[in-house]
Amino acid sequence: MYKQIILVIAVIGIFSSCSEEKIQLSPISQESSSNFYKTPEQIEQAVVGVYDGLQLSGQYGKYFIYLMEVRSDNSRQQSTTSSGGIYGDLDLFRMEATNNIVELAWNDCYKGIQRCNIVLNRIESVSNNPKKNVQIGETKFIRALTYFNLVRLFGDVPLITAEYDDPFEAFNLGRTPKAEVYAQIIKDLTEASQLLENEAIRAGGATKNASYALLGKVHLTLGNTNEAITALKNVSGVLLPNYLDNFGIPNENSDESLFEVQFKKGGIGEGSPYANLFTPSGAAAELIGGVGSAAGDNLPTQDLYDSYQVGDLRRDVTIGKTSKGVYYTKKYLDKPFKDLDGDNNFIVLRYADVVLMLAEALNEQGYVANGEAFTLLNKIRNRAGLSSFTASNLENQNSFRTAVVNERRWELAFENHRWFDLIRTGKAIEVMNAHKSETGVLNTVTNEKLLFPIPQSQVDATNGKITPNPGY
Amino acid sequence: MKNKTNGKGKKIPNKKSSVSFLKFDLKMKMSFLLIIVALFSMKANDVTAQRTKISLKLDNVTVTQLIDKIENTSDYRFVYKIEDVELKRVVSINVKNERIEKVLNKIFSVTATTFNINDKLVYLIENKKNIKSTKDNPTAALKTAASFRVSGKVFDANGNPLPGANVLEKGTRNSVTTDVDGKFTIEVADAKSILVFSFIGFEAQEIVLNGKTELTVTLTENTSNLEEVVIGYGSQAKAKLTNSVSTLKSEDLLSSPIASFEEGLAGQLAGVDVVQTSGNPGSSSDINIRGVGTITANVQPLIVIDGFPSENLNINSINPSDIERIDILKDAASAAIYGSRGANGVILVTTKKGKMGGFKFTFDSYTGVQEVANTIDLQDSYERARFVAQATLNRGKAPIALYQPYLIGIPGLTNTNWQDEIFRIAPIQNTSITASGGTEHSNYFVSGGYFSQDGTVLGSKYERVNFRFNINFDITKKLKAGFNLAPTYSTRNKVSDADHKGDGVVMTALMANPLFSPYNSDGSLNLSSDMMQSAVEEGQAPVENPVALALLNTDKRTQWDFLGGGFLEYNLSDHLSFKSYLGADYSSSDRNSFSPNTVGSYSVLVENKQANAYKSYDERKNWMIENTATYEKSFNRTHNLKFIIGQSYQTEEMNTTGSSPLVAQVNDVDGVIYTEFPKFEDKWSLISYLSRLNYDYKDKYIISGSVRRDGSSRFGENTKWGWFPTVSGAWRVNKESFFKSKTINELKARASWGITGNNGIPNYGAIPLLGAANYGDLEGSAPITSPNQNLSWEETSTLDLGIDLGLFDGKLSFTADYYNANTNGLLLDVPVPSHSGYTTSLRNIGKVNNSGFEFALNINKVKLGYVKWSSTINISTNKNEVLELGPDQDRILESYHITEIGQPIGSYYTYRKIGVFQTQEQINNAPTHPEMRLGDYIFADIDGDGKITSNDREISGDFFPDYTFGFSNTFKYKNFSFNFLIQGKQGYEIFNGTSFFIRNLEGWSNGHSDINNYYSAENPEATYASPGKHVKTYEQSDLFVEDGSYIRLRKVSIKYSLPETFLENISLTSATIYLSATNLFTITNYSGFNPEVSSRNNSFNSSQTTTPGFDYGAYPIAKTIVMGLNLSF
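Residue numbers (my numbering), protein chains in the order written: chain A, 1 to 472; chain B, 1 to 1129.
Please keep in mind that the hints were generated in silico from the structure rather than gathered at the bench.
C-beta: ideal position from N, C-alpha, C; glycine also.
Wrong hints could be hidden among the right ones.
Stated by the list, open to error - Reference excerpt, derived from the structure (chain A facing chain B, CB under 7 Å, subset only):
no., residue
1, S32
2, G49
3, R94
4, K111
5, I160
6, T161
7, A162
8, G289
9, S293
10, D339
To be verified - According to the in silico footprint, chain A covers these stretches of chain B (three or more CB under 8 Å from chain A):
no., segment
11, 678 to 684
12, 881 to 890
Sequences are here, hints too, so could you generate the full structure?
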């Protein structure tokens, strides 16, 4: 009997000797971050991931246009009830803190920032990386751009510049005062402008010019007129002879363009959705070769159409009209490869913007009749087929201000500037309340509505440590 | 039969006044059932003859050898006194497929022995006609100096005399056996002697004479206590069970048509909650055992098929008619032998094996129809038009021209009830054939089955072909082997049961505009760009013609499943055996979905539509090896010991390849050119050591303990291994000498405690994973999951206290259990602030408690007149409470749900709608809200700050029922058998997400007819607000939280077995025809299709345990009526 028991134990023992390593399994089809970021190639992949962050649907991949254009008087939603009304609610100022678009924008901005923080944390420990300096510059530029978008959309936001090993560390962090966030943005952009080259090292990569342009915009937003002028004057750029040449697939990454988010159609998950989103319902065959959906989003308002001065070449480049008479956004129309898979890049910064910002800043520094600001403004007007303004048209600082805001509306429509321009120039409440919505009844716009609500999910997840914005 | 028709005829006319049978109120339904019951209360004889046939070919054997042979090859057992049978007589016999009576007649016809057959027992008794002298009493030799004579009669529980029972004077060898009439006479030492009455299959009984000379003794059948219960890595006599285990046998499982076995479990067992969330053919149900002890991890119990634990089993691949029994391990002490996978309970499925005896062949086939159990009362075209007109008017516009003719009341215009268009009466059929048999040294069971079910929604269908081979044999006297294989092939045509955006056919049928018609005048499908265009114009949700969605969009899946295993068992001695088992589960499935460019999609008109196509191929390979040694010994019949020790290794590999179309401007799937995604591979493995000890002292005091150690690849570097110990004990009070109750035959108190685990998380849940993050042509990567080196299983420790009671000779048995289970270290996908870069992080955090009572009462073959009645009533309660969440976290909020400390998981969290503004005064006094016009909803200011803000939400219900119950009854009368099962849940709520559309006041879609009661100047006391523009507060209010309580007639069946005399002529051993129905009616106040909903089955909310009870257009369940035939020979 005892022999038998020993035999049994021995047999089981033999089978048991297969052990430990059998349950040490690494992912087969995926990489793990614990053994990544070790070589220059892996760092390069992480930097590409940083750029990819801009493509996320919560950022330029989709939702920014709703927060930055549809929200404004430039465009409207054809159906304010589609997808449960989350788009229409933005358009008509009736949104709540649970709005999904706002939540995704918040989440995806921070997802992008995390990618930046990982690169900046890990890049120093990898040796023999020839691209290191430029990669740091690119990453800082994108982190600054993302924070700049966040802070303009939401006001005070949590400022994170370190890589979290444990996401639970984030529970301790509330909202950082706007000023500190801006200080970090300026620091990142200043460093980026030193580290970056004049030429990008990749298609659509960040450059010295782009970071100066963005730095100028940041300072302008903060009212730092002198710093804005300095930064903007550091930008070397050109205006293309024809306004039209800024848009369309063959013109992507043009000489005038300073920074654009890259998209590529072809069924590889890199396409942009704009062509389908911005085609009025029922007009797909007419406008985008019948490929995919026609969501009827971001349609130009009658108000925008009517605001163009007679002879402005930009109107018909910017706004189209379907055979049924519906206005549509023209800058991003191209036949997609399939539904939501278009080729159009999104232009974040271009030299015309810099020219107008510089004009605005110079005018803020002091009105000079027919001074440099006039020259700059007229460059833009003349290209658009409009006559020059002189001190007789724009007699004082205030009228020049208004002229620049209008010029920016016409020049940069649907390029995600309008909503922020209205806020920066203090015209948002006045303009929006005067705006007659063509879709539904626009709720009254108050000061509180100039910021978006902090997503309810964040208030809930942090048990109130992240405080809501007033008015929501 | 005549009486039956008369009985029905009398009562039915009363009910014809009601709309249809299915709309009776409960009282009427119950009385109808009682009438049917009463029909069987008529005098007749019970016929339960044995029909097993015997084949024998023996030359020159003794009667003893002959008896041995019959016992070994059939279910018959012989009972006889040695002196009554001439055992050494040499006989020869050659029979083929003869009934036992004929065989025995041949052997004993002219001897001094005759026989008497009672069920499976053959009594061989003295044939008084054939013997010359009855004076010679063989027991005389054993007699002591007797001075006291006792006589009497022994009966069985049914009152039939029991011949052949043993009557023993306790402490002596003095015994007699009862005669053919159950009578006995014995002489004993004195008037205080004790007599012991015993008989095979019956509970022994001791009687102290105390001077009595006449005794009437009733012995009770002992079947329930002798019955073995499967408990995982072995089995145990039910009487000695120290745990909470529920068993369902084949006949109860199969009493109604079921597609897969879990449907058959519904309502049958205490503490086992089966939720049939979808009627989509080929879909499976959710099973919860004793509540939900987890928040994020898997909530389904582990399913073990013939010893093979399968975490990803395709339940549909098991043919229910192959199942012999299902044993469910409910408490931790029984489930912990499955360690890190036992926390949700364990379902042990045992398939059928061949029985000793001749070849047995069965054929079973049914065919029937299904229809949706109910439909929703929607607005018709005219109501719709009035509603839309009011809504547009309130928005300051005029309704579009489409509605004008309806508004002026032109009769006979298009008025489509879309539900009628997508629902149909659908056929269901099943055929299964089995062949089985066995000898002393081998047995086999082979089956083949075909099941086909068309869905009640157009375009859906499920078909399955099953085979099974179960073979066991002895290689040598000590070495046994067994092998089973069950190949299954199934195809499924699925219609989308997703929400509106996923073109869910049911959801869109509720939403679609009744003013449009599904077909054009030429009979072709109306691919309704008109309907969608008009929806866009008026701000409605643009949905395609639901009939087109059902018929033209296809999603076809084909699947092969091979589940099989084999074992070798070697008996090293009489007490020690060693078993080695190798099992494998392989499945491969192909999915091919296609939506042509000729049918629109949500908000995509036909003219803009591209074809959608998707192909995928999934493969899963799971195998395990397991070695166990069992030692079993009884010392002096007092100390009974059983010890098992073992080890196992199991691993599973999965891979998926998928393709999406590269070019898709096509209307035919053949035109699609695909581009393939990279293959995705996945793997997990588990190493386990296990051991269990069972000990009892004289069957009276029983203790058991087990321990398992699991090492899993899924968990963090620091936490790969865990221990799962248990201890349990029972005291069989009725075995005590002081226990003398005649009514109570069994009284057992049980207690158990143990720790089980839940490892149901993603395979690489502990590892921070990176995903592709490409940018144009550049390859990039970025994090997708957060790291956690300490990730481990959830640990549930459960205390279970139970009582088992048997009364009235086993006629009545009762089981009660109390359990209290604490789950620690919940695998919780904690929502983290998204500024961390992640939105959730998988953690072991928090505690949940589940506690409850379970009661089961079994009534076993009680005679009501000439009707035999068996019944089971089970009631279970469960209270679920969250005790702890993440650090500093007292709640998790998710849109409509809250998981909060002190409350059940995933309660609904809503605003409270308290009415509709009817007067300006009400408005003046109400808390501030963006909408405060006459006809707007009034909400309660819960926090009292004078404003309606997100702080004004409160818990308004949860999806955990206060109690669930099942009430099953079987009545047998003559050759008829009638069975029904009523099942229900009480005290829980449902969040009716469908109401987002059908009770939407902007008129986004067609509405429920009850929203016709909307506010207007003419109807100020309305339930619903004035149509038009509204902020979304009401969508998050308790307006959509409904009571889900229901009572359902889950099964009804009536069977008729053809008389034996008739069968003789056509060489059948049995033939039964039956009529059976499921889900005939449900009594509920819930306004949706089915109160058994769960968000786990819809795409609106992710598959989270924290968001249960959300109904969003699920495929309704069907009521089914089938007629079938069962034959065997």
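Verification of the supplied hints:
1. S32: The hint holds - S32 of chain A has a Cβ within 7 Å of chain B, the shortest such distance being about 5 Å.
2. G49: At 4 Å from the nearest chain B Cβ, G49 of chain A passes the 7 Å test, so the hint holds.
3. R94: Nearest chain B Cβ about 6 Å off; hint holds.
4. K111: Constraint on K111 of chain A satisfied, holds at 6 Å.
5. I160: 6 Å, holds
6. T161: Cβ of T161 of chain A sits 11 Å from chain B, so the hint is violated.
7. A162: Hint violated; A162 of chain A Cβ to chain B Cβ min 11 Å, cut 7 Å.
8. G289: 9 Å, violated
9. S293: 4 Å, holds
10. D339: 5 Å, holds
11. 678 to 684: Since 7 is at least three, the answer is holds.
12. 881 to 890: With 5 residues closer than 8 Å to chain A, the segment 881 to 890 of chain B meets the three-residue bar; holds.
In summary, the numbered hints that this structure violates are 6, 7, 8.
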